[in-house]
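All chains, full assembly: derive it from the sequences and hints.
Residue numbers (this note's numbering), protein chains in the order written: chain A, 1 to 267; chain B, 1001 to 1267.
It is possible that some hints are incorrect.
Looking from chain B toward chain A, a few residues come up when the C-beta cut is under 8 Å (computed) [said to hold, decoys possible]:
no., residue
1, 1026
2, 1030
3, 1037
4, 1045
5, 1048
6, 1172
7, 1173
8, 1176
9, 1180
10, 1181
11, 1198
Which bits of chain A does chain B cover? Going by a derived footprint, with three or more residues having C-beta under 8 Å, they are [as the list claims (entries may be wrong)]:
no., segment
12, 39-53
13, 193-203
Below, simulated DSS-like cross-link-like pairs (lysine-lysine); rule was C-alpha separation at most 30 Å, straight line [said to hold, decoys possible]:
no., chain 1, residue 1, chain 2, residue 2
14, B, 1204, B, 1252
15, A, 190, B, 1204
16, A, 253, A, 102
17, B, 1004, B, 1099
18, A, 22, B, 1092
19, B, 1182, A, 190
20, A, 24, A, 190
21, B, 1182, A, 192
22, B, 1252, B, 1099
23, A, 190, B, 1004
24, B, 1043, A, 192
25, A, 152, A, 253
26, A, 22, B, 1182
27, B, 1092, A, 102
28, B, 1099, B, 1005
29, A, 24, B, 1182
30, A, 102, A, 15
31, A, 261, A, 15
No wet-lab data here; the hints were simulated from the structure.
Heads up, the beta-carbon is just placed ideally off N, CA and C, and yes, glycines get one too.
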Amino acid sequence: MKQKGLGFYLRIYGKILAQDLKSKMSYRADFIISTIGMIFTNIAGFVSFWILFRNFPSINGWSYYEMLFLYGFSLVSLTPVQCFFDNNWSLRMYVYSGDFIKYCFRPINLFFYYQSEVFDIKGLGQLSFGIGTLIYSWSKIGLGFTPLILMKMIVFLLTASLIMIALQNASAATCFWIQNSFYVLDLVLKFKDYARYPITIFSPVFRFIFTFIMPIAFIAYYPSLVILRPDEVPLLSWLSPLIGCLFFWISYKFWMYGAMKYSGTGS
Amino acid sequence: MKLKKYISLTRAGIMESLHFRLGTVVMVIGNLLYLIVVYFLWKAIYASAGTDVVNGMTFTDTLIYLVLATALFGFMEMYTVWEIGRNIQSGKIVLDLLKPMEYRRYLFWSYSGSFVTQFFFTFLPTFIIVGIVTHGAIPLGTNLLFFVISVIMAVSINYSIDFFVGTICLFTESIWGINIMKQVIVLLLSGATIPIAFFPETLKTIVYYLPFQSIYNAPLTLLLDGNPKNETVLTILSTQLIWCIVMMILSKLFWKVSLRQITVNGG
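Here it is in structure tokens:
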């Protein structure tokens, strides 16, 4: 088969996206309520920070605004996985019912086609809340603003996104082997709540686990250090874009390996 | 005779929940992770505070409170909103409504089986481990009796709230959004994420007038108090009882009124 170019895929994505949005708009009430629910969740996270820091001025040398920065950073970096890869949640249903086979017969990349089918709009509510939190904490800490820092910000936000996407892809793909991958996905979803705390609060053993075995620390902590504490950036932070790409590639291969192994249900 | 039908529903529930063993294992891992994060987070918080007692709670108190709140959540969460919502969307609700048992009661008893399994596999082990880890910081006396009574009422209040929220799904077609809003509000305002003792004064007053604190805060306060004063116990339990009755009546009424609205797809 001839290799298709990036332009071709972008054009296809636009078309599929338009179809998906049209079908979503027929459930307008659901869309509005889901968006409000998403914003509710974010506000609750914000409120619990506020309550905590009313009692304690700082945690482990991290001030209120620095923690808010981490929180905002994690919210923004989680937006791509929410918006573009939400179909992973349905994968187990498609595999179980046998409907997954329909994706295997298209002359385009299987992974691309599957993920492009759903665009989750409620992620945009989270994005705006996250950006708001980032700007607020940014101005309170007084980090300054240069084009270079903005570029760093974008690169490292993308890095963090890649890691979360990779984690979700891999956990969704487990359904090719086990019947119900919901629990695995749900577990990984919880990671994002833990990502908002600085890794330094843990003991060395768990610091190691959360860095190398369950890479929670890469979702917000290591990438945001580059912006937040530019004087003491550990090597792992600089390496994180590389690690992000590597993780994404591995998860993609794993996902495709499972999909290729898939033999349908016979119906 | 009457009891027999309830017990058979409970038995079916036990068998159903034992079927998903892998799910249970992953869920236990998830809970363990959460406990680790909570432990280190609050340890860091208390280390930064400089004092042993904050808002009348020591580190051990806070830890027991939060850990058992999680255990109680696992025990009480029945996914009622999802169940009702899905039954409405699929049309299965028509069959359930035809059963010779009130729907509200049927749903509760078909879940009661997972109460039993959750109690023995999650709550009891957590309780014992917490007791050992904190070197018997949980007082063992009459407070245990009050705790049990309180938990029973908490289960009832929680179920009424869930059923009330689930009824809203009859009107909205949205499950995810409605459920996430409920969960966020209940978890934050019941003290399950941060003990209510840490809330600012005004918020504390408001929260005490709402039903949510009766779900987690009330039983846990009773449990942690080694020498309870009769007055406090009586106030807490009677507040719970009032909410128990009020929420039950409200959810029943709302269901009755809404049932006239029901439209079932292709039922």
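Checked hints:
1. Checking residue 1026 of chain B against chain A by beta carbon gives a least distance of about 4 Å; that is within 8 Å, so the hint holds.
2. Hint on residue 1030 of chain B holds. Least Cβ distance to chain A is approximately 5 Å, under the 8 Å limit.
3. With its C-beta approaching chain A no nearer than about 5 Å, residue 1037 of chain B sits inside the 8 Å limit, and its interface hint holds.
4. With a cut of 8 Å, the hint placing residue 1045 of chain B at the interface with chain A holds, because the nearest CB-to-CB distance is about 5 Å.
5. A distance limit of 8 Å between C-beta atoms decides the matter here; for residue 1048 of chain B the minimum to chain A is near 5 Å, and the interface restraint holds.
6. Taken as an interface hint, residue 1172 of chain B checks out: its beta carbon lies about 6 Å from the nearest beta carbon of chain A, inside 8 Å.
7. For the restraint placing residue 1173 of chain B at the interface with chain A, the shortest Cβ-Cβ distance is roughly 5 Å, inside the 8 Å limit, so the hint holds.
8. With a cut of 8 Å, the hint placing residue 1176 of chain B at the interface with chain A holds, because the nearest CB-to-CB distance is about 6 Å.
9. For the restraint placing residue 1180 of chain B at the interface with chain A, the shortest Cβ-Cβ distance is roughly 4 Å, inside the 8 Å limit, so the hint holds.
10. Interface hint at residue 1181 of chain B: satisfied, since its Cβ lies 5 Å from the closest Cβ of chain A, which is below the 8 Å cut-off.
11. Proximity of residue 1198 of chain B to chain A holds as hinted, the smallest CB-CB distance being about 5 Å (cut-off 8 Å).
12. Look at the segment 39-53 of chain A against chain B: 7 of its residues bring a Cβ nearer than 8 Å to a Cβ of that chain, three or more, so the hint holds.
13. Here's how the segment 193-203 of chain A fares: 5 of its residues keep a CB closer than 8 Å to some CB of chain B, so the rule of at least three is met and the hint holds.
14. At roughly 29 Å between alpha-carbon atoms, residue 1204 of chain B and residue 1252 of chain B fall within 30 Å of each other, so this suggested pair holds.
15. Taking the CA atoms of residue 190 of chain A and residue 1204 of chain B, the gap is near 28 Å; set against the 30 Å cutoff, the hint holds.
16. A C-alpha spacing of about 20 Å is found between residue 253 of chain A and residue 102 of chain A, which places the hinted pair at or below 30 Å, so the restraint holds.
17. About 16 Å separates the Cα atoms of residue 1004 of chain B and residue 1099 of chain B, which keeps this hinted pair within 30 Å; it holds.
18. A threshold of 30 Å between alpha carbons decides the hint, and for residue 22 of chain A with residue 1092 of chain B the separation of about 28 Å falls inside it, so the pair holds.
19. Between residue 1182 of chain B and residue 190 of chain A the CA atoms are separated by roughly 18 Å; this keeps the pair inside 30 Å, and the hint holds.
20. As the CA atoms of residue 24 of chain A and residue 190 of chain A are separated by approximately 26 Å, the hinted pair is consistent with the 30 Å bound.
21. Restraint check for residue 1182 of chain B and residue 192 of chain A: satisfied, since their Cα atoms lie roughly 20 Å apart, inside the 30 Å limit.
22. Straight-line distance between C-alpha atoms of residue 1252 of chain B and residue 1099 of chain B comes to about 17 Å, which keeps the hinted pair within the 30 Å bound.
23. Between residue 190 of chain A and residue 1004 of chain B the alpha-carbon distance is near 40 Å, which puts this suggested pair outside the 30 Å criterion.
24. The suggested pairing of residue 1043 of chain B with residue 192 of chain A holds, with an alpha-carbon distance near 21 Å, which does not exceed 30 Å.
25. A threshold of 30 Å between alpha carbons decides the hint, and for residue 152 of chain A with residue 253 of chain A the separation of about 28 Å falls inside it, so the pair holds.
26. This hinted pair checks out: residue 22 of chain A and residue 1182 of chain B have alpha carbons roughly 28 Å apart, not beyond 30 Å.
27. Note on residue 1092 of chain B and residue 102 of chain A: the hinted pairing holds, with a Cα-Cα distance of about 28 Å set against a maximum of 30 Å.
28. Only pairs whose Cα atoms come within 30 Å are accepted, and residue 1099 of chain B paired with residue 1005 of chain B is accepted, the gap being roughly 12 Å.
29. At most 30 Å may separate the alpha-carbon atoms for a hinted pair to count; residue 24 of chain A and residue 1182 of chain B meet this at roughly 23 Å.
30. With a C-alpha separation of about 18 Å, the suggested pairing of residue 102 of chain A with residue 15 of chain A holds against the 30 Å cut-off.
31. In summary, the hint linking residue 261 of chain A to residue 15 of chain A is supported, as the alpha carbons are separated by about 29 Å, within the 30 Å threshold.
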